[in-house]
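Colleague: Take the given structure of chain A and dock chain B to it, following the hints.
Protein chains: 2
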Amino acid sequence: MSTSKPILVVGSAALDTLKTPFGDAEDALGGSSFYFSTAASLLAPVRLVAVVGTDFPREKIAFLDDRNVDMEGLETAEGSTFRWGGRYYRDPNKRDTLFTRLGVFEAFDPKIPEHFRQSPFVFLGNIHPALQLKVLDQIDNPELIVLDTMNFWIQGTPKELEAAISRTNVLIVNDEEAYELTNEHSLLDAAENLMKRGPKTVVVKKGQHGAVLFREDGDIFFAPAYPLRVVKDATGAGDTFAGGFIGYLASHDLNDPMVWRRAIIHGSVVASFVVEDFSMERTKDLIYDEIMERVKKFHDMTEF
Amino acid sequence: MSTSKPILVVGSAALDTLKTPFGDAEDALGGSSFYFSTAASLLAPVRLVAVVGTDFPREKIAFLDDRNVDMEGLETAEGSTFRWGGRYYRDPNKRDTLFTRLGVFEAFDPKIPEHFRQSPFVFLGNIHPALQLKVLDQIDNPELIVLDTMNFWIQGTPKELEAAISRTNVLIVNDEEAYELTNEHSLLDAAENLMKRGPKTVVVKKGQHGAVLFREDGDIFFAPAYPLRVVKDATGAGDTFAGGFIGYLASHDLNDPMVWRRAIIHGSVVASFVVEDFSMERTKDLIYDEIMERVKKFHDMTEF
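Quick note, the sequences are listed as chains A and B, same order.
Quick note on numbering: the working numbering labels position 170 of the first sequence as 980, and the sequence is numbered without any gaps.
Quick note on numbering: the working numbering labels position 122 of the second sequence as 932, and the sequence is numbered without any gaps.
Chain A on its own, in the form it takes in the complex:
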């Protein structure tokens, strides 16, 4: 881990209220920046930029202090923390949003602290693409920029999103987003289309069907999802995947094609843990041996 490079993450900070068949939770720690940091900090140092309101219960993120997460970029603004409410079902593909109260997140204007500007790895969480561009303007020569987005920005702010994608090295989307961004009908065509717009690497997440890595040199890698009996709370699975993925990249040689594949597996493993309990309950105490155990199972489940 001594060779791990720092990762800058800019994203949301939220308190989530969840109703599920397995129980409820109120004002649980949420938001892409916290989900990402909890996962990535298992593998590399993390620098977090996000905004919370004056009502934010700081004790909820005390565990991140022990996990190599630099909180200097966590701004506290006058007002309420971003709150999201959702209902989950036994069918893990179903989810209803109950409410969205943006609070201080509505006026979020990410300011990158001086000593974060040289971060070699950058994760642009799922925020307004204009803000993602603003972040890119504040950083110096990063080695790798990874961008996440969602349907909301694909439909609402396509031009800004296109500009952000063009400055990105790795694009992470789910399969629906890949089709929507490209109007293609095969994942192969969609990924090739996206790689012509800037990113040399595209990662397509398919939820319970796993993830696919596409690289500009033609390399394709399929990873299944870890088979789980119960998905208790799927919130943050994508950001956790990104955390495991980039955390692994930040501590290994990017010139080795196998590193990219193993990064996908690490992302999938950490995401498989996070959905087994509410919020970050399962990942905040996760240890590397537990990750390695599931990485080994991924080997067992795919070799032939």
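In short, the hints are calculated from the structure, not lab data.
Keep in mind that this is a model prediction, so the values were computed, not measured.
Keep in mind that a hint or two might mislead.
Same chains, same label: a pair holds when it works inside one copy or across any pair of copies.
[Claimed, not checked] Calculated cross-link-like contacts (lysine-lysine; reagent style DSBU-like; alpha-carbon spacing at most 30 Å):
no., residue 1, residue 2
1, LYS904, LYS1006
2, LYS1006, LYS1106
3, LYS1107, LYS1006
4, LYS969, LYS870
5, LYS1016, LYS1106
6, LYS904, LYS829
Modeller: Same frame as chain A, now just chain B:
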């Protein structure tokens, strides 16, 4: 191939009319028994039991004579051959049935020829489970019975289907069918549930998301689907998968767990070819070298 054991297949024989964004086809060769035989006969001798009408154009199956398919069980009955019409879209997950004319298939009563009764491998194609049971009553000590079914029988004839499943060694279903048969919400729970009802092996097909092998000893194997730019005609993909899968099993040692995994890959490969053209156009001239080439690509796309 000298050690390949014969496979008995009982299923439908049809003429399909297809409307697709890539062209149309009328009275193209179709039906589970022909799709299966075309695929399986690449790897093992096949014995076919099905029914066609007096209008059936025999020249359409001339290619099967050169492929080690014994047609003694192909009955010709007074009346019309089963005809099915379907429309496909650019989205390979969408399909509309335009018409279904059962013809002589409605009164299909499979009679297993004397010299087919000792077949070591048996594939019960997707027909009425009462007929599947009738087939099982006519065969002697098979090594392996594989059953395919569909939602129509799960809903319409659950008792007969349950009886047929209980006498089966391998059940092949798609993911929706697995959930519907078990009322479970995870594939793992669904497969374990199904393995308690008779079959020691369950294969779950997930279309473009691949296939999963579950075995009673706890072994789980995930195979992706071969990435294709265009799916021209998805008819018969499941029967072709079953043909490649069982064909491989029939020519290898069932005691080797890796044989089961490689059988899944062979099924996936042959299915990846069949959907690239209408009917059996692509698989009827397929050679083993082409299969091996894609098997190698499956290795490349999954190792890490």
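Colleague: Between copies, within a copy, both or neither: which fits LYS904 and LYS829 at Cα up to 30 Å?
Modeller: within (12 Å within a copy, 32 Å between copies)
Colleague: When no copy is named, should LYS1006 and LYS1106 be tagged within, between, both, or neither for a Cα gap of at most 30 Å?
Modeller: Between copies, since 27 Å is at most 30 Å while 35 Å is not.
Colleague: Please work out whether the CA atoms of LYS904 and LYS1006 approach to 30 Å or closer within one copy, between two copies, in both situations, or in neither?
Modeller: between (33 Å within a copy, 28 Å between copies)
Colleague: How do LYS969 and LYS870 come out at 30 Å by Cα distance, when the copy is not named: within, between, both, or neither?
Modeller: Classified as neither: same-chain Cα gap 37 Å, cross-chain 54 Å, threshold 30 Å.
Colleague: Are the CA atoms of LYS1016 and LYS1106 at most 30 Å apart within a copy, between copies, both, or neither?
Modeller: both (21 Å within a copy, 24 Å between copies)
Colleague: Under a CA distance limit of 30 Å, which applies to LYS1107 and LYS1006: within one copy, between copies, both, or neither?
Modeller: Answer is between: at 24 Å across copies they meet the 30 Å cutoff, but 35 Å inside does not.
Of the numbered hints stated above, the single one contradicted by the structure is hint 4.
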